[in-house]
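Take the given structure of chain U and dock chain X to it, following the hints.
Below are the chains, spelled out letter by letter.
Number of protein chains: 2
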Amino acid sequence: MDIWEGIRTKHSIRAFAQTPIAEGEARQILDAGRRAPSGFNAQPWYFIAVRDRAMLHELSTIGRSTRHVAGAALCVLILSPDRETNFWRNLFDAGQAATYLMLAAHELGIASCPGTVYEPVRARDLLGFPDDWKPYILISFGYPDPADPRLGTGKGGRKPFEEVVRWEKW
Amino acid sequence: MDIWEGIRTKHSIRAFAQTPIAEGEARQILDAGRRAPSGFNAQPWYFIAVRDRAMLHELSTIGRSTRHVAGAALCVLILSPDRETNFWRNLFDAGQAATYLMLAAHELGIASCPGTVYEPVRARDLLGFPDDWKPYILISFGYPDPADPRLGTGKGGRKPFEEVVRWEKW
Numbered sequence: 016m017d018i019w020e021g022i023r024t025k026h027s028i029r030a031f032a033q034t035p036i037a038e039g040e041a042r043q044i045l046d047a048g049r050r051a052p053s054g055f056n057a058q059p060w061y062f063i064a065v066r067d068r069a070m071l072h073e074l075s076t077i078g079r080s081t082r083h084v085a086g087a088a089l090c091v092l093i094l095s096p097d098r099e100t101n102f103w104r105n106l107f108d109a110g111q112a113a114t115y116l117m118l119a120a121h122e123l124g125i126a127s128c129p130g131t132v133y134e135p136v137r138a139r140d141l142l143g144f145p146d147d148w149k150p151y152i153l154i155s156f157g158y159p160d161p162a163d164p165r166l167g168t169g170k171g172g173r174k175p176f177e178e179v180v181r182w183e184k185w
Numbered sequence: 016m017d018i019w020e021g022i023r024t025k026h027s028i029r030a031f032a033q034t035p036i037a038e039g040e041a042r043q044i045l046d047a048g049r050r051a052p053s054g055f056n057a058q059p060w061y062f063i064a065v066r067d068r069a070m071l072h073e074l075s076t077i078g079r080s081t082r083h084v085a086g087a088a089l090c091v092l093i094l095s096p097d098r099e100t101n102f103w104r105n106l107f108d109a110g111q112a113a114t115y116l117m118l119a120a121h122e123l124g125i126a127s128c129p130g131t132v133y134e135p136v137r138a139r140d141l142l143g144f145p146d147d148w149k150p151y152i153l154i155s156f157g158y159p160d161p162a163d164p165r166l167g168t169g170k171g172g173r174k175p176f177e178e179v180v181r182w183e184k185w
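The listed protein sequences correspond, in order, to chains U and X. Per our numbering, the first sequence runs over residues 16 to 185. Per our numbering, the second sequence runs over residues 16 to 185.
Here chain U stands alone, though its shape is the one from the complex (with noise of 0.2 Å):
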């Protein structure tokens, strides 16, 4: 799948079939997701990867609109060893790798909905992860459920691209 394709064709997908992902596909989205770009090259980003069902269970329940968490064939948390200072840089840093991840999924047929942490203290509890480590986002991963009435319809939609681009000046 070409580059532009993928861009115009990914759109977040919650309903997840019960087929499993395979460890080398697993490996292989979560290696595009440490290739990702970074402010100074610091990679501040660390992923757990959970496959485990009833740890994907209490994940579900550590966000606001993290409930297709439960239905995932693979979850991943993104993490950085949060100093003051670099919150700015590790959070966009955080939204590079995201797509990394979510994008080499995509041409591999396995789709993903991202899902921002808002119980960090849960998730630490669940985890194990150190206290002065801050966890950004949960992603989704699975193949699609063949039965969601919203597959393949682009739910969502853009902005026109002249509300959102300006040439020169605002």
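Since the hints were made in silico from the structure, they are not lab data.
No distinction is drawn between identical chains; accordingly, a pair holds when it is met within one copy or between any pair of copies.
Restricting the straight-line Cα-Cα distance to at most 20 Å, the calculated cross-link-like pairs of lysine to any residue (SDA-like) are:
1. Lys174 to Thr24
2. Lys174 to Arg23
3. Lys184 to Pro135
4. Lys174 to Ala64
5. Lys184 to Tyr133
6. Lys174 to Asp46
7. Lys174 to Trp185
For clarity, every value in this text was computed on a predicted model and none was experimentally measured.
Relative to the frame of chain U, chain X by itself:
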């Protein structure tokens, strides 16, 4: 170019050829950014696309690592209508848009390099966006300078997979 190849081969490049970027290719890069994912599909990003040589020179001085903008064929400023409560999300989403812009360019043979805006007031004076809008980052775009000694060296490198990824728990 397939997505995995793009992810493997894109590196930041700071030295650009003098070749201009055609209108159609500039629009495709910007359209890729417009199609990036965002929290709750809020699409909080806006892009100011600059090709004017004098303005590129001015913009090259508004960050600590934005000198490359002076030689770019195109520079895109990502900015958001920043409200305190959305700051987090907007910054993460700006990172998502940045990778879409840069990966789409890479497929067209166009190199890129981001640089954080350290002088938002000066950016505003130059580009005329409203007071309550927040400029996050500049991205330079241009065809790579074939004389760049760093070209093709894959400078940067990444942490090993085993350092970045944990399975199931920390």
